[in-house]
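*Asks:* What follows is each chain in one-letter form.
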Amino acid sequence: GQSLEQPSEVTAVEGAIVQINCTYQTSGFYGLSWYQQHDGGAPTFLSYNALDGLEETGRFSSFLSRSDSYGYLLLQELQMKDSASYFCAVRDRGTDKLIFGTGTRLQVFP
Amino acid sequence: GAVVSQHPSWVICKSGTSVKIECRSLDFQATTMFWYRQFPKQSLMLMATSNEGSKATYEQGVEKDKFLINHASLTLSTLTVTSAHPEDSSFYICSAPTSVGTGELFFGEGSRLTVL
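One line per chain: the protein sequences are A and B, in this order.
My numbering puts the first residue of the first sequence at 1, with every later residue one more than the last.
My numbering puts the first residue of the second sequence at 1001, with every later residue one more than the last.
Any given hint could turn out to be false.
[Claimed, not checked] Here are the simulated DSBU-like pairs of lysine-lysine, each with C-alpha atoms no more than 35 Å apart in a straight line:
hint, chain 1, residue 1, chain 2, residue 2
1, B, Lys-1066, B, Lys-1041
2, B, Lys-1055, B, Lys-1014
3, A, Lys-81, B, Lys-1020
4, B, Lys-1055, B, Lys-1066
5, B, Lys-1014, B, Lys-1064
6, A, Lys-81, B, Lys-1041
Keep in mind the hints are simulated off the structure, nothing from the lab.
Please work from the sequences and hints to get the whole structure.
*Replies:* Following this line, the structure appears as structure tokens:
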């Protein structure tokens, strides 16, 4: 099965940079995804790492190291609207199911 | 615009009643849909995989007789919470994969169920 662990909460100020880590134990997956979810809303897709390395999408970057069973989401130039929950997730290679991490609540302060 | 539409967004019901939640794929066919449940301040937990034309597959610990899933067409999957109780109050959300091998799912808007 799949198990993905994240810090429960991270706080930062506007304009700062924050990194949200994701460590996993998995038997096989296509890649590591990141989703953002605001309170009461549906998750929205942020990024996907199929291969090891860094993927950059605007202010957000995501990294994957399969050898270390580790990934992270990097958010730069934080804005108040970035306050949300962030989830890493893997797509199981055998079942095609998307399994979510424990989630990290990011609070951005002025 | 939304590619997966979920209805209703909010539902309040009395204990013991059944509630149906619909999930429709718009402009594409979804042979597979996933149903998740999310309690406050927790992660999304996969409940079941809905397969068009065949029985749904349920995750361990999910009662298949309580959470009835029907995938009658390539664009519609339904989740019925039967004999709902207060502990079933949760955020239920459906999703459909964009394509095999990618990390992205299209999510519905979610349904907030409150059982009194």
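*Asks:* Taking the hints in turn, state whether each one holds.
*Replies:* Hint check:
1. B:Lys-1066 to B:Lys-1041: 24 Å, holds
2. B:Lys-1055 to B:Lys-1014: 28 Å, holds
3. A:Lys-81 to B:Lys-1020: 33 Å, holds
4. B:Lys-1055 to B:Lys-1066: 15 Å, holds
5. B:Lys-1014 to B:Lys-1064: 21 Å, holds
6. A:Lys-81 to B:Lys-1041: 18 Å, holds
In this structure, every one of the numbered hints holds.
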